[in-house]
Each structure stands twice: as structure tokens, then as C-alpha cells.
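Based on the hints, put chain B in the right spot on chain A.
Protein sequence lines, in the order shown, are assigned to chains A and B. The first sequence stops at residue 368 when you use the working numbering, and every number in between is there. The second sequence stops at residue 297 when you use the working numbering, and every number in between is there.
It should be emphasised that the hints constitute simulated quantities derived from the structure, not laboratory data. A quick note: this is a predicted structure, and the numbers were derived from the prediction, not measured. C-beta atoms are modelled at their ideal positions from N, C-alpha and C, and glycine is treated no differently. There could be a bad hint or two in this list.
Now the stretches of chain B that chain A is said to cover, found in silico as 3 or more residues with beta-carbon under 8 angstroms [stated by the list, open to error]:
#1 60–70
#2 81–88
#3 172–185
#4 188–200
#5 258–272
As a list, the in silico BS3-like pairs of lysine-lysine whose alpha-carbon atoms are at most 30 angstroms apart [unchecked claim]:
#6 B:140 with A:364
#7 A:334 with B:285
#8 A:66 with A:334
#9 A:334 with B:266
#10 B:245 with B:176
#11 B:150 with B:140
#12 B:285 with B:245
#13 B:123 with B:140
#14 A:334 with B:140
#15 B:176 with B:140
#16 B:123 with B:150
#17 B:266 with B:123
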Amino acid sequence: MAYVAVKGGEQAILNTLRLISETRRGDPAFAELTLAQISEQFGLAVDRVMTEGSVYDRELAALALKQAQGDVIEAIFLLRAYRTTLPRFAVSEPVDTSRMTIRRRISATFKDIPGGQVLGPTYDCTHRLLDFALAAEGLQRPQAGLAAEPLDKDVPQVIDLLGSEGLIEEESDEGQGEIFDLTREPMSLPAGRDQRLQNLARGDEGFLLGLAYSTVRGYGGAHPFVGELRLGEVTVEIVPEELGFPIAVAEIAVTECQMINQFRGTAAKPPRFTRGYGLTFGHNERKAMAMSLVDRAMRARELGEDVRYPAQDEEFVLAHTDNVEASGMVSHFKLPHYVDFQAELALVRQLRAEHMAAREAQTKEVAE
Amino acid sequence: MSAGTTTIHSDTGYNFAYLDEQTKRMIRRSLLKALSIPGYQVPFGGREMPLAYGWGTGGIQVTASVIGPDDRLKVIDQGADDTTNAVSIRRFFQTVTDVTVTESTEDATIIQTRHRIPEIPLKEGQVLVYQVPQPEPLQKIEPRETETRKMHAYAEYGAMRVTLYEDVAHFGRIAKTYDYPAVINGRHLMSPSPIPKFDNPKMEMNPAIQLFGAGREKRIYAVPPYTSVRSLDFDDHPFEVQTWKGCCALCGSTVSYLDEVITDDKGSRMFVCSDTDFCNTRQAKAAAQPKTAGEQS
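Chain A on its own, in the form it takes in the complex (with noise of 0.2 angstroms):
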């Protein structure tokens, strides 16, 4: 019997490592994806990897799917890696999302609303219907009609319409100076509601998704209206120290949403509406929504309602968001186990060795 300790790992690596390669490319008799077409024709994608990979940058998600081969969770994996050599040059200011240029923005909660409804591109309203047209090249497309005139600059938020009743909770900061920076510093618990949306905007939208579900389903006690949806163009300004005064640095597209929820009210405090609050790069409502029904569902604590259920949970919601730890912990398992394997099985083998020679000697013993 001949045997030869494995070897050839690098060989082995290097091998796969062009095999991927290969694979990504695909049959080269196609024409190769551009950087250009990921960003223009898959923004979708390209919006949820800025998102979840916490970098806004186009170019940076597109050539990240185009590398992961439209792998979403990989891309994201890739941006955030890329985002370690970065340097933090600034904080930037509050982004004002009033002052939004608006593309879409609807609210559930009125019927008409002071700056309008503005339906925008959305798929909610198209029929799932597979459009075999699109499978050709080339196609004629009509032409979506402009309004006679532009928004207004400023369009206030339809949840602050209710604030002057006292019907909902004023947003504070709690006094906060400084705002925790979770890709800085490790998770401290109990979180504020800064590292908590930190941890919700990077979080994987999948996962949100199923908790903010949860919650209506009976595992939350949520009662959510969409207060307002809005989705446009901000500017993000910076106050440069030896200036003094805020300076515009970018302009990003945001989906943010504004939800408000029941609050019954306790001895203390009386019955108002509270919020949930959702904010992502880019075009993502769905990622949005569900933000915001976990954010107000681990607002439970503070309000002194019960923890009864995972979303509530802030200690189980915010270790098992992030898909890049996850991916990486559950992948881990394939990674060679010899050694601890090795000593569970000479342990199964001596239990069931006296295992067995207890059963023997019972045996023995009815016998006799």
C-alpha cells in the first residue's frame, strides 16, 4: 500500500484560479460585458451591491458583478474588501433628503400630498408578464412624456405633516455628538439606533426582507403604513476644517422610507405613531421597506414594549445580518476539518465500544 501525503495545493490553486477565469468569460464567441452595460442596463444590481458593500460607486459595483459573474452576495463581498484600503478623509453632514431632487415619491397614508405623488419608474405597477420582445436587440422604445413643470425644491416630508399635532414621535438624536462608525469599530451592545441603521443599511436584503415579514405575519405585532417613499438625488457636503463652512462633495441616489407605525401608548406616555426609518443607495424599495419595519421592530426596548420575537431580538438582528459574515462562516465549513474530525470520531468510536460492551454484559446477565 503506497501512499503519498497530498500535495499540490498552490498547483491545485493556481489551476482554479484560471478555471474561474474561464468560466466568468464564458463562451468568447459572445462579445464581452462592458463595465458600462452592468451600470446602465443591471442598476439594479449595481444599486444593491453599493448598498450592502457600503462603497457608492458605480463603476467600482459593476466591475465587482462582472468579476463575481452577476454573484450578488460576492460582489458585495469584493466592494467591501476594496473599501478596507480606503481612508476615511471626513464625516459628512446630515444628508437632507427634503431637499431631494425627486424622481419617485409616493405615500400610502394621504391621498394627496403638499409637493404631489409622483408615481416615477417603478415595477409595481407593470404586469409580470415575460416581455418576449425584449429578447431581441434593438428594440423601439416610446418615449416617457416630461411634466410642463419641475418639482419643487423643497418638498417636505409627509411624516413631519403629523408632527405638528403631536400624532407622531419627534426624530431626535438623543443629544449624540458623535455618530458611531460600525465599519471602525466592532458592534457594542446595547446599539443605538446609529449602529443599528448602520447595520441595517448594510445588512442583506434577503434576510431583512424575512424578518420585516415576520413581523406582520404575527412575529412582531407590526401595524405599518408607508408614511412616505422617495427616491432621487442628494447632495453630500462635508465641512472642511480649515474652511468652516459645508462644501457639496457628491451627489447620490437614495431610496428612503418613512414608516410609520401604532404605538399604543403606556401610563406614562400617550397613544402616537411611531417610525421606522429605511434608507439605501441607489433604487431599492424593497430593501427600504424592510429596513424600516426592523429598524421600528428593534425599537421595542426603547419604547418599553415586550421582546417577544427575532425582529424585536437587537442582540440576534444585528449579529446575523451581515451576508459577507455569514456567507463566510457557513462556506467555512468546507474548509478541511481533518483534525477536530479526527478526534470526534475516535470519540464516537470509544462510546460505542462501551456502548455495546454495557449491552453485552446486560445481556449476559438477564441470561444467567
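Chain B in isolation, oriented as in the chain A frame:
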């Protein structure tokens, strides 16, 4: 270990050892704190690395923070230098640093490991960096970190003892075979990472610096040189390590941890050293002295 240079690594455009100097400084501070409170888990601002979480990102960050241009790096997984993950991590450091790599335990100044401690005793000046998937030894008993933190603060480790006692009641022995909990410096309960309990005694009073990095959970802890490491046990069920009936089929060792290798589909198997450097060195020595080969074991 010398301080990392601030030069950009010429081939890759990344800083020496990938991490920027501010991040390295933050990690070094955490390491110093960890060495000052043996076995205590220090939270640190773990970064996202270009390798997957659970695949050694904690160990990689620790190594990247302590490595200097003059170091000699050895990387092992399951005791072997040529398992794909060890190769991958070694290649990473060859890409982002120009340090010398080695397979020799004796020659290495830094050894990054997953699941094993080398068989050859370590020396003063060497650094052993462990990759840790789950730093919290109490997590299987209490999944909430807010609770386990209190348990550590009060050194309240009764729950772990009860768990081990339940094994004794159920199986007649402590049924923990790897990641066997130990009390460090008489104070903190620590997960030694998923090394087999066979390796636990090697941690005790070790002259080398032992650093543990858990990237996903963002925790660093350490066992300084010459520190007591007591594996939990009972007076009537003392701690014991794995033993094998036979010896290594390649080098004849009877003192090393053996891996089982299945050699055909009829149930044939053999046992070989998990530590490849240990095994290869012994085989080379035996080959050099063919007449005394039989006495090697």
C-alpha cells in the same frame, strides 16, 4: 517583529501587509491589551479582508499587524503547510509583503495556524497566531454576548463546569475533543480555537507569544509567554489527551497527533502525522541514517 514600513508595496499598490498603518496601530493596541489581560477577549475594529470571514481573517489581520520585512512566516492548516487554505494565506502575504516564507517550524518567526499547534516545542521570540472562528467559549451555553460578558466579568464559569459534568453523567467522561476550554492565568476562561485537546498542554508555560484573532466576531485575545493554561477538568475525571494505538505510517512517530487516511473503499485506513513539517523532518533524518531508522520512533 519590526514595525511595518509605510512604503507602498511595489507590485500590488497596497500598503505593506495590506492594512494601512492606522489600522495596524489600532490592532497592535488591542494586542497589547490582550497580552496584559491573558485570555480576555478584546473587541477590535476588525476590517473586511480580501479573504472570506471564517477562513482566517482574524489571524490574517493579527499577522499583518505584527509582521515586518525581516520576518520568516509559516502558515499551516490542520498542521499542514500545503492544505489549500494555508497555501492561499501564504500566497496572500507573499503578494502584499516580501517576507521569507518557510515550512520549518524552527526557522519561522511567525506561525499562523488553524486547528493545530506544531509538535516541535516553540521558542522565545516566536509568535503563534491562531485563527479563531468563535472566540466565546460560553457561546454554546449562552448565545447572548451581553450575558457572557457578565459571566466573564464575575468569573462565573459554573455553567461550563455543569456542561462538562453533564458529559460525565451521560457518557462517563468529558466528551469535548477539540476547542477544549481552558482557564488562562487563573482568571479568564478561553477558547483555544478548534485545536484538538491533544494540543492544549502545549499552550501551558509556552515560551512563545500566542495571539488569537477572530475576524468575524471582531475579538483579539492572547496568552503571553510562560502563562498558566489549565484545561478544565474534575479531580475524579482529570484532563487527558487523545492517544493512538499505532504510530505514524510515514515516520513512525508515536508522540504526534495522527490523521486518519482512508486508502481504499474496503475500509483500509492508515494513520499519519497531521504536522507535515514534523513528519517530513523525521523522514529526512531517517533517510539520512538508514540503519537506525527503526529506532526513530
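Cross-check of the supplied hints:
1. Coverage of a stretch by a chain is defined here by at least three residues with a beta carbon nearer than 8 angstroms to that chain's beta carbons; for the region 60–70 of chain B and chain A the count is 0, and the condition is violated.
2. Counting residues of the region 81–88 of chain B whose C-beta lies closer than 8 angstroms to any C-beta of chain A gives 7; at least three are required, and the coverage claim holds.
3. Only residues whose C-beta sits within less than 8 angstroms of a C-beta in chain A count toward coverage, and the region 172–185 of chain B has 5 of them, enough to reach three; the restraint holds.
4. Given as covered by chain A, the region 188–200 of chain B passes the check, having 5 residues with a CB less than 8 angstroms from a CB of that chain where 3 are the minimum.
5. For the region 258–272 of chain B, the proposed coverage by chain A is satisfied: 8 residues have a C-beta within less than 8 angstroms of a C-beta in that chain, meeting the threshold of three.
6. Our distance criterion of 30 angstroms between C-alpha atoms is broken by residue 140 of chain B and residue 364 of chain A, whose separation comes to about 40 angstroms.
7. This hinted pair does not check out: residue 334 of chain A and residue 285 of chain B have alpha carbons roughly 35 angstroms apart, beyond 30 angstroms.
8. Between the alpha carbons of residue 66 of chain A and residue 334 of chain A the distance comes to roughly 25 angstroms, so the proposed pair stays at or under 30 angstroms and holds.
9. Note on residue 334 of chain A and residue 266 of chain B: the hinted pairing holds, with a Cα-Cα distance of about 25 angstroms set against a maximum of 30 angstroms.
10. For the proposed pair residue 245 of chain B and residue 176 of chain B, the alpha carbon gap of about 20 angstroms is at most 30 angstroms, so the pair holds.
11. Proposed proximity of residue 150 of chain B and residue 140 of chain B is supported: the alpha carbons are some 16 angstroms apart, at most 30 angstroms.
12. Distance check on the hinted pair: residue 285 of chain B and residue 245 of chain B sit about 24 angstroms apart at the alpha-carbon level, within 30 angstroms; holds.
13. Restraint check for residue 123 of chain B and residue 140 of chain B: the C-alpha separation of about 34 angstroms exceeds 30 angstroms, so the hint is violated.
14. Distance check on the hinted pair: residue 334 of chain A and residue 140 of chain B sit about 21 angstroms apart at the alpha-carbon level, within 30 angstroms; holds.
15. For the suggested pair residue 176 of chain B and residue 140 of chain B, the alpha carbons sit about 12 angstroms apart, so the restraint of at most 30 angstroms is met.
16. In summary, the hint linking residue 123 of chain B to residue 150 of chain B is not supported, as the alpha carbons are separated by about 35 angstroms, beyond the 30 angstroms threshold.
17. Taken as a hint, the residue 266 of chain B and residue 123 of chain B pair is broken in the structure, with Cα atoms around 44 angstroms apart against an allowance of 30 angstroms.
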